[in-house]
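We have chain E; now place chain G onto it with these hints.
Protein chains: 2
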Amino acid sequence: MRGNSHDSSHPEVKDQGRRTVDWLLHSADWLVTCNDHMICLRDGAVAIEKDTLAGVGPSEKIRQQFAGLQEWDMTGFLLAPGLVNTHVHGAMSCFRGLADDLALDQWLFEAIFPAEANHVNEELVYWGTLLSIAEMLKNGITTFCDGYFFEEAAAQAALQSGARAVLGQGILDFPAPDQQDPGRSRQRAEAFLKNFPHGHDRIRPSLFCHAPYTCSAETLQWVKGLCREEEILFQIHLSETRQEVLQLRKKHGLWPVEYLDTLGILDGLTLCAHGIWVNPEESQLLAQRETGIAHNVGSNMKLAAGVAPIPRFLSEGVKVGLGTDGCASNNDLDLFGEMDLTAKLHKVYWKDPEACPASHVLKMATTGGAQVLGWSSHIGSLEVSKKADLMALDLNSPHLVPLYDPVSHLVYSARGSDVCHVWVDGRQVVSHGRILNCREEEIIGRIKKITQKLGSLQ
Amino acid sequence: MRGNSHDSSHPEVKDQGRRTVDWLLHSADWLVTCNDHMICLRDGAVAIEKDTLAGVGPSEKIRQQFAGLQEWDMTGFLLAPGLVNTHVHGAMSCFRGLADDLALDQWLFEAIFPAEANHVNEELVYWGTLLSIAEMLKNGITTFCDGYFFEEAAAQAALQSGARAVLGQGILDFPAPDQQDPGRSRQRAEAFLKNFPHGHDRIRPSLFCHAPYTCSAETLQWVKGLCREEEILFQIHLSETRQEVLQLRKKHGLWPVEYLDTLGILDGLTLCAHGIWVNPEESQLLAQRETGIAHNVGSNMKLAAGVAPIPRFLSEGVKVGLGTDGCASNNDLDLFGEMDLTAKLHKVYWKDPEACPASHVLKMATTGGAQVLGWSSHIGSLEVSKKADLMALDLNSPHLVPLYDPVSHLVYSARGSDVCHVWVDGRQVVSHGRILNCREEEIIGRIKKITQKLGSLQ
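Protein chains in written order, with the working numbering: chain E, 186 to 643; chain G, 186 to 643.
Next up, chain E with everything else stripped away, as it sits in the complex (with noise of 0.2 angstroms):
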């Protein structure tokens, strides 16, 4: 079967000298690195040694250098890097399609907020964020950045499922699902901290203030100052609405990333959801103090919400990745949609055929969302020393053919279910579309009598 064939007994290739890895996966149609130069090579190869790439490159070259304990033979696939998601809200996959086509403010107050304070608690977490990972693993995605309560049954669906993930314990000064007194938050995130799952590379823990409009700048501060302490992703949802921001300029004359900088909060491991409503001079002090902007695009389509000046990030230098936001605004988890989405909305709405092309967007749903979260060093591209994160795609459909340009049609062309294998640290996690560490039954099955009693407030 292409794809899973063992065929270690290629004729060409000797045994002696080379060096012996876990898997060797060669002859792919197109390997798409997605390192600085955006390199495509035809007839490309990966060796896989433990967690982290050992060797990329043509697979003439590869094959002289390694023997994988798995060879497989890609003839029919191209090889990626696996997508970075820097935006969900995992659990709300329980509240998919539960309100759509209103505005915001109606859509949370009376649609979602209920929703989360009458059901959520830690099962609904925990099966809720598996359902996000099994879709997002099955998509492509290997890294996702999450933010939620309960976070800590959202670590465990991610240490189950295989996938790598920032997990973000969720903190506003109102009452939220797992902590009705917000006078106690600050214990809250302390144990939330304590209790992370250790001596797991593959996720991280992180804290996510819900906004400036419902934390205090003193919040703002001490779970920044709890970040800093830790080294771990500080996240916020930022200048989302035009009236958000009218709202604080009234309040504290200034414009949100204007206010986020006097409070000390903007670095490189601050990464700011939405970010829409950013004015030319709030840009520059973004991409000085190198904090990153998720572009959730298909949620800011649907809520209304408006344009982020993505053309005007990338050229000002601000880090740029690409979230899917929660399944409640999307509605769903594939990345493939918000590449062509990205790259469609800015054409027209700057009126620039131009603006984002291809390679730019494929980037930002790559290596831009390995910056923005602080992990570039380990994911993002295919390149030597690496973490193994990566997705086989399945060439050979009728919407895939031709090829003239392998990025072109990552982002074009593609969908979630054209992936066929997945990586996540050297470990495969999809299989043929199916994932591997879970059972696909079961998590429906738990997810359909969770959000049985939902269903009827509608």
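Identical chains share a label here; the pair holds if one copy fits it or two copies do between them.
DSS-like mimics (lysine-lysine), calculated; alpha carbons at most 27 angstroms apart, straight line: (1) Lys536 to Lys435; (2) Lys436 to Lys536; (3) Lys235 to Lys246.
No lab work stands behind these hints, which were simulated from the structure alone.
Same frame as chain E, now just chain G:
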């Protein structure tokens, strides 16, 4: 196997008095009818007799009325009408991803037109159209409206594949791949109509004037005249770019819709593709004349052509269907993607989260499409006496769970790859995601060969 089990021995159902039909599809989790009231049923069924829907309703009722020669248990599936693609250039699948991220003029004059002039022939049109049909059928598109050259070859592809189609022979006042002498384009059109395969209810001829800026008033009028004689659809690209509108106003002192109206072109069997730069008076004129618009949202975005005033069209009663456009400007043929784009783009662009709600968008992709093609008495919805054109989506995937609202899922969560079975005219054309009337491998092989020369142009 689900969706494939013969269970005519169901104990509660008596055969006496039941009318025997060809297919009885029952116990679908959801039946989305797309009728005038947008009725969606749980546990729904359809009975198919020859090419026609004999029964549509709750499983219990339909199973009391009908016995099927084939009876399938559709538990875990959603049944919906096949989607209607109102604007495509099938053969252009050969140019998929050949030239992206370019200004429209550069894209058209430096990439597409030269490729067409040098490479388009009967063979390319036949195989390219067949490739597009394979992709469309797999994505649940049961009817497509094509426009290209050598359209006899496209008709052969449509006939062979089992798809329903309107096939528009392209006409313009410049040399075309199948008619070097524009002075003989009338003979070309007449020959096309004369030789069009007769006795096939499933395919209809059409004539396609490229645009007002490539066809003289005289050409537009004789072509529309021929269409009126034959009672067939007249197609035209209209108001796709701001520049073409300015040019036409300079030359004729009229906006494009007004111009076509003064020439007597507008009626219920004229279909305008794009219709982006249409002013409010023109939309009223389109509504009065019952002239349809094919909204190609993805192509319009990718080429930065502009945003069509769809909410205004809908509120003023202009008939709107969705189209994919050709693969050279999209770059795929998936109306699920176009539905998602339509619902999201108009929300953010017109700053209204309630614009283009899911139900309106699904109507555009089904009944709206049927209307603009002048085929709504036969297709577009699952209703008794309409043609049996339908699709079955497998709901058993992480990204389709939970399911609170099937219409939301069709627009915002599902994608073409969820389509498992498809019927056109009462015949199954896709089974378990595979096309039945053509060999996908053969089509892909032929296309790779035909497009080999094109790749080297890059």
